[in-house]
Amino acid sequence: MKIFLAQQNYHIGNFEDNTAKIIDAVKEAKANCGDLIIFSELAVCGYPPRDFLEFNDFIEQSIASVKAIAKEA
Numbered sequence: 035m036k037i038f039l040a041q042q043n044y045h046i047g048n049f050e051d052n053t054a055k056i057i058d059a060v061k062e063a064k065a066n067c068g069d070l071i072i073f074s075e076l077a078v079c080g081y082p083p084r085d086f087l088e089f090n091d092f093i094e095q096s097i098a099s100v101k102a103i104a105k106e107a
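Residues in the sequence shown are numbered from 35 upward in steps of one, following this note's numbering.
Hints are not guaranteed to be accurate.
[To be verified] Taking lysine-lysine and the BS3-like style, the derived pairs with C-alpha atoms no more than 27 angstroms apart in a straight line are:
#	residue 1	residue 2
1	105	36
2	64	101
3	61	101
4	105	55
5	36	101
6	36	64
7	61	105
8	55	101
[Said to hold, decoys possible] Label pairs and their calculated CB-CB ranges:
#	residue 1	residue 2	range
9	36	100	19 to 25 angstroms
10	65	94	28 to 34 angstroms
11	37	76	19 to 25 angstroms
12	88	67	37 to 43 angstroms
Since the hints were made in silico from the structure, they are not lab data.
The beta-carbon is built from N, C-alpha and C at its ideal position, and this holds for glycine as well.
Full structure from sequences and hints, please.
Shown next as structure tokens:
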């Protein structure tokens, strides 16, 4: 089993860049026949999200990012 670790610098609320970094890591793992890729906690929305979790827009952007990432997986 080939495991990849994507330890990158994610920023709180920067869904566009965080998603792009994750998708790039997925593509790299796929190109190298990876079986599993591991990301940091809360990679999509950035850590720690704190009070942002109370805003619907933040949650909706998180969901949209996860869907975009899933298309690449």
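Note to self: If you test the structure against every hint from before, which numbers come out violated?
What the structure shows: Of the numbered hints given earlier, the structure breaks none, since each of them holds.
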